[in-house]
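Asker: Here are the chains, one letter per residue:
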Amino acid sequence: MTMTQAPQEQPESPTNRPPSMHRFKNWMRRPYARHVMIWTVVIGFLLLPLCWLLLAAMNQTGAPASEIMQDIETTVFVFTLVSIPITAFVFAVLLYSLIGWKRISSDEPPMQENPAIFTNRIGVVLWTVVTSALAMFLVVWGMIELAQITANSYGTISANEQPGGNQSVIVNVTGQQWVWTFAYPQTDGLVSDILYLPVDKPVYFNVTSKDVIHNFWAVELGVKIDANPGAVTTAGVTPNKLGTFNIRCAELCGMHHAYMETEVRVVTQEQFDSWVREMGGRRTS
Amino acid sequence: MKKFLVILATVLAGVLVVGGIGAVSSISQEEPPVLAATLDGTTMDTPNNGTLPHATLDLSVYPNSSDAVPPPKAGPYESAWLSGQPFYHPSTTIQVPANSVVTINFTQYDSGGQIYNPFFAHVHGSMDGTMTWNGKSVKNVKSDSVGHTFTVHQYPESSQPYFFLSVPLPMNAANAKTDKAGYPVDPQKISVTFVTGEAGTYVWNCEFPCGDEYQEFGGPMQTRGWMAGTFEVVA
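Going down the list, the protein sequences come from chains F and A. If you read the first sequence in our numbering, its first letter stands for residue 1, the second for the next number, and so on. If you read the second sequence in our numbering, its first letter stands for residue 1001, the second for the next number, and so on.
Since the hints were derived computationally from the structure, they do not count as laboratory data. No residue lacks a Cβ here, since even glycine has one placed at the ideal position from N, Cα and C. A portion of the hints provided could be inaccurate.
To be verified - Taking beta-carbon pairs under 10 Å as the criterion, some of the chain F residues facing chain A (in silico): (1) Thr-181; (2) Lys-210; (3) Gly-254.
To be verified - Computed footprint of chain F on chain A; a stretch qualifies when at least three of its residues, placed anywhere within it, have a C-beta under 8 Å from a C-beta of chain F: (4) 1141 to 1154; (5) 1207 to 1220.
Claimed, not checked - What follows is a list of derived Cβ distance ranges for each label pair: (6) F:Gly-230 with A:Thr-1130: 58 to 68 Å; (7) F:Ala-151 with A:Lys-1136: 47 to 57 Å; (8) A:Thr-1010 with F:Leu-94: 51 to 61 Å; (9) A:Asn-1099 with F:Ala-56: 53 to 63 Å; (10) F:Ser-132 with A:Val-1017: 51 to 61 Å; (11) F:Leu-55 with A:Lys-1139: 39 to 49 Å; (12) F:Val-41 with A:Leu-1005: 54 to 64 Å; (13) A:Pro-1090 with F:Pro-185: 53 to 63 Å; (14) F:Val-90 with A:Ser-1083: 50 to 60 Å; (15) A:Gly-1182 with F:Gly-230: 31 to 41 Å; (16) A:Lys-1139 with F:Leu-81: 49 to 59 Å.
Okay, chain F solo, but in the shape it has when bound (with noise of 0.2 Å):
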């Protein structure tokens, strides 16, 4: 790439300083100005497909099964997009820089940075505007989700002491090297390595470990907790697809973690009961 150096500038004394708008009008018809505003929108374009790509890779396992991991993913989709805009900028600064100011060859003298561009009122207001701009949308948009995602989850609230009574399930998660069991303690000693659950029904979650600290991740419900021995945590969530779905650790837990996965099988309330029925546990309560 071939450059064409700007004119020099003189020195502006600060009596006989053009307006801030003509100063910033005139930088930005400078060449490098330009281009790297143009850059800025090619990478800007080229990255966009980011947004897609980092959903598909969550949806590798199957879609969103709850309010929770649909939120999750929208959160994420909305980060990148507005992130996309500034990284586009960064990275065309950098190019540019590594590029349009490089040494044309060895004999000659290296390019004459062009003045910068100091004390534009207009410069320096529009910067901070839009950066802060962003930065506060993605700080109230995570505030909202996170809000949301709470009451979904029913906050840190025990499950003992959750509304809902019959109406939901409570299930007690234990992790062990490299074995998740769920116990259904509204049963009659139901225990089980698969995850059942109703549709459409609040669920909480009692997570504890029996040796070292693992992480129960039930992946498309959007439901990821550690589980440390000898504490429960608590989660919640209401599935509100049916299907067959994934849970793993999320956590290195030794030399199986790999293989410390199971499923959790969204069923309907019907399919449930007969479940329980078959698994020999009786509703209690």
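Given chain F, work out where chain A should sit, using these hints.
Answerer: For chain A alone, coordinates are given in the frame of chain F:
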């Protein structure tokens, strides 16, 4: 020329170092030899899969190695490190035929105690939900009398069928009469029969804390060849 020789020597030294590390790593992580179930020429009726061929496999559990029972062959480093620890014998790399009825006969020589998770004191995944313990059909053993478990579970491969099997192996009493090697002369005999589906690769391990270190989940519990291994269903 001298420069070339220096470069050559450096490259050769690098190759030797990397190759040496790889060789030592490979030897120390060698999988135990395959132990395959053998079809005995008979068939068995199953509740949901009709009549299937029957295969058998024998496994033992020892509290430690002896002259009569050598330690697992799973790498010199592990053999030295885990000396005196319990292990399954003769191998922990197990193959069973697909779409068959398989019976595993266990001989359990170790002591035991309280299992942390009572779920594993019950039989799961066998053909009729039971196992045979010293000639009697049972669904579980007391949770404070478990020696070991044989628990097969899922491998992270969604294309294969889900498979879960867990068998509690009752303990021998602390005052049981022993032979010269220190093994009970009248060990616990357990048999479990289950149905296999399509081919798949799984892992198995003991769920009774019988190792060392934290909560007794270390050492042999974390080592293939001792209390863990692979379980392959082959077509």
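Asker: All hints are to be evaluated individually against the structure, with a verdict given for each.
Answerer: The hints, checked one at a time:
1. Thr-181: Hint on F:Thr-181: holds, closest Cβ of chain A at ~5 Å, below 10 Å.
2. Lys-210: holds (4 Å)
3. Gly-254: Given a least distance of 6 Å, the restraint on F:Gly-254 holds.
4. 1141 to 1154: holds (count 3)
5. 1207 to 1220: holds (count 5)
6. F:Gly-230 with A:Thr-1130: 58 to 68 Å: violated (34 Å)
7. F:Ala-151 with A:Lys-1136: 47 to 57 Å: Given range 47 to 57 Å: holds, Cβ gap about 53 Å.
8. A:Thr-1010 with F:Leu-94: 51 to 61 Å: violated (35 Å)
9. A:Asn-1099 with F:Ala-56: 53 to 63 Å: Cβ of A:Asn-1099 to Cβ of F:Ala-56: about 36 Å, so the range 53 to 63 Å is violated.
10. F:Ser-132 with A:Val-1017: 51 to 61 Å: holds (54 Å)
11. F:Leu-55 with A:Lys-1139: 39 to 49 Å: Holds: the Cβ-Cβ distance is about 46 Å, inside 39 to 49 Å.
12. F:Val-41 with A:Leu-1005: 54 to 64 Å: holds (55 Å)
13. A:Pro-1090 with F:Pro-185: 53 to 63 Å: violated (42 Å)
14. F:Val-90 with A:Ser-1083: 50 to 60 Å: holds (57 Å)
15. A:Gly-1182 with F:Gly-230: 31 to 41 Å: holds (35 Å)
16. A:Lys-1139 with F:Leu-81: 49 to 59 Å: holds (56 Å)
In the structure shown, a violation is registered for the earlier hints numbered 6, 8, 9, 13, in ascending order.
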